[in-house]
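Undergrad: Fit chain R with the ligands to the given chain P structure using the hints.
In order, the protein sequences belong to chains P and R.
Here the first sequence is numbered in this note's numbering, starting from 57 and rising by one per residue.
Here the second sequence is numbered in this note's numbering, starting from 51 and rising by one per residue.
There may be inaccurate statements among the hints.
Within a straight-line C-alpha distance of at most 25 Å, the following computed SDA-like cross-link-like pairs (lysine to any residue) qualify [what the hints assert, rightly or not]: (1) R:Lys133 - R:Ala172; (2) R:Lys133 - R:Asp192; (3) R:Lys133 - R:Leu121; (4) R:Lys133 - P:Asp293; (5) R:Lys133 - P:Thr299; (6) R:Lys133 - R:Phe180; (7) R:Lys133 - P:Gly283; (8) R:Lys133 - R:Val286; (9) R:Lys133 - P:Phe377; (10) R:Lys133 - R:Pro65; (11) R:Lys133 - P:Leu300; (12) R:Lys133 - R:Ala112; (13) R:Lys133 - P:Arg296; (14) R:Lys133 - R:Gly119; (15) R:Lys133 - R:Arg109; (16) R:Lys133 - R:Asp241; (17) R:Lys133 - R:Glu176; (18) R:Lys133 - R:His161; (19) R:Lys133 - R:Leu235; (20) R:Lys133 - R:Glu242; (21) R:Lys133 - R:Gly302; (22) R:Lys133 - P:Arg284; (23) R:Lys133 - R:Arg234; (24) R:Lys133 - R:Asn86; (25) R:Lys133 - R:Cys162; (26) R:Lys133 - R:Glu219; (27) R:Lys133 - R:Gly78; (28) R:Lys133 - P:Val364; (29) R:Lys133 - P:Arg295; (30) R:Lys133 - R:Gly244; (31) R:Lys133 - P:Leu386; (32) R:Lys133 - P:Ala275; (33) R:Lys133 - P:Arg272; (34) R:Lys133 - R:Gly106; (35) R:Lys133 - R:Val295; (36) R:Lys133 - R:Leu100.
Pulled from the structure, derived: some chain R residues nowhere near chain P, Cβ distances all over 12 Å [stated by the list, open to error]: (37) Asn86; (38) Gly87; (39) Ser128; (40) Leu138.
Simulated from the structure, these hints should not be mistaken for lab results.
Remember, predicted model here, so these are calculated numbers, not experimental data.
Heads up, the beta-carbon is just placed ideally off N, CA and C, and yes, glycines get one too.
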Amino acid sequence: MAEDTGTRPAAPPAAPPVGAPGVRPWLRLGVVAALAVLALACYLLLFVRGSFEFAIERRLTTAGAMVVAAFTQGVATLLFQTVTQNRLLTPSIMGFDSVYVLAQTALVVVFGGGALAATDGPGKVLAQTLLMVAFATFLFRWLFSGRRADLHVLLLVGVALGMAFDSLSTFLQRVLSPADYDVLSVRLSGRLGTADAELLPWAVLACAVTGFVVLRRHARLDVLELGRDTAVNLGVDHRRELTLALVCVSVLVAVSTAVLGPMTFFGFLVAVLTRQVAGTHRHAVLLPMSFALGVLVLAGGQFVMEHVFYATGMLTVVLEFLGGAVFLVLLLRKGTL
Amino acid sequence: MITVEGVTKAYGTTPVLGPVTQVLAERGITSIIGPNGAGKSTLLTIAGRLAEPDTGTVRVRAGDGGGPGELDVHRARSSEVAKVVAVLRQENHFTARLTVRELVSFGRFPHCGGRLTATDVAAVDEALGFLELTDLQGRFLDELSGGQRQRAHVAMVLAQQTRYVLLDEPLSSLDIRHAVRMMRLLRRVADELGRAVVLVVHDVNFAAAWSDRIVAVRDGRVVAQGTPAEVVRDDVLEEVFDTPVRVHVLDGVPTAVYHR
Ligand SMILES: Nc1ncnc2c1ncn2[C@@H]1O[C@H](COP(=O)(O)OP(=O)(O)OP(=O)(O)O)[C@@H](O)[C@H]1O
Ligand SMILES: [Mg+2]
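For reference, chain P alone in the conformation it holds in the complex:
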């Protein structure tokens, strides 16, 4: 970013205004996006054994799941970190997906397993998502609406809430009939490799809508990252934007958890990489960058896992481990969060 801001005297004439994104962040985004597409193509097309059609269909589903995972986790984490002004907490660490699991479980307890399985149309998924979104938004807006809260306390609260919701879910699952429990556990154990192809189009649609809403606000997000006071001074309706951002985060996490199951540290990993690689604070670049990087990491990782290590199902485990390690390192190094 220092390229053109250095020692130039006053008023640059026709050149893009300094302070607007220079060329470099966009170039970096282009490179990462190209690499992501390449990785996805490699994963889809190389090393097909047996029937091409069969293989490609299966791989397409997985690729779709990876795209959804990259988008939901990447964008949700970035958005969350921006509006809460921290670089360490993520929606998953704060227990957003535990809320989702609890909502799912509660639904089965109240309406029986049929509620999930039989008429599992988009309407039901939508109702479920809305429930979870409302709850999570309410809860986290309450948590984050105060003055810059102490992050250690927030982390503690997040972990505690996550555990509380998880054990509540576990307790509720105990009371279920075996049949209902089966239905539920299928619902809750999404994986990259076994993603539900039927759900994917809806997930993509949800991503597209959320992505549109978020990207349109990229300049306001830049301002929100400066904190409440500066944002208010600059005329951004802080309360509204915070709420909206948290709604988007909950939608994305709900979609991600529905399609892929809970992931704790993948979003964190992507967010850290994004800020390192993007070299700008501008969300016009950061948001697409997180998506592209997420795809690159997942598709590249999956490709390597399948064809180098012959360990197909291990990617998320490895990513979670890596992300968790990075989280701990940063937490310990910063000390203060």
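TA: The following block gives chain R with the ligands in isolation, referenced to the frame of chain P:
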């Protein structure tokens, strides 16, 4: 004109401000003085809509010539108020890593929504020049000294080009040269650009030398106000600060001696 009317604020059950009814800034420079914890920042941040009062209203005249151009700072659209009132807190900390120029460019957000036009760039350049930051514009904020960083923040609110500029202790980490420069600059902002500046100052002598009006706050209430000659007096200052003060007139400016 910023009109504060019947404003009170309490944290929990402890009242910290008010009721204050006060015209804060007609034009020129208004300095708010008072001891630590008197409620100066509270008053300024409420006037600048960073904090909500428990009761009372703050209104500003937006357009020239009076009439209907009044805005209720806390109820009008935030994006409208941001073109009229700019406010800077005592302390500012960002998670984003910004260069000086990027920070100052944010001051144009109320006008351009993040997409800088030539006018915006010119305003940014002007603000940078005003605060002697042109050479530092490419530096990251975390590579600056405290005083330089403070000047960068002031440059941002100046680039906002609002009619009212509220600053909480803009001199607090400046050396004497930059403190004097800052006041001279704010004087120019007030005189040449016709903007009203309200600032919290700890150094009574800076307030006396540069302000048109001084408002003294103690225990959440305005206890004295007027021109420097009216407020910077032995008896008034001793009551405000609870400490012995001798005021001498040096070069026509009342000057308080209080450090011994
Ligand atoms: N968030 C808060 N919670 C509780 N009390 C607060 C809070 N903020 C300020 N106060 C109290 O309100 C009173 C006024 O604070 P304020 O910051 O306005 O003082 P000040 O005049 O600006 O002081 P200083 O000269 O030290 O900046 C103080 O007694 C302070 O302790
Ligand atoms: Mg103060």
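Undergrad: May I ask which of the numbered hints given earlier this structure violates, with the numbers listed in increasing order?
TA: 2, 8, 9, 10, 21, 24, 28, 31, 35, 39 and 40
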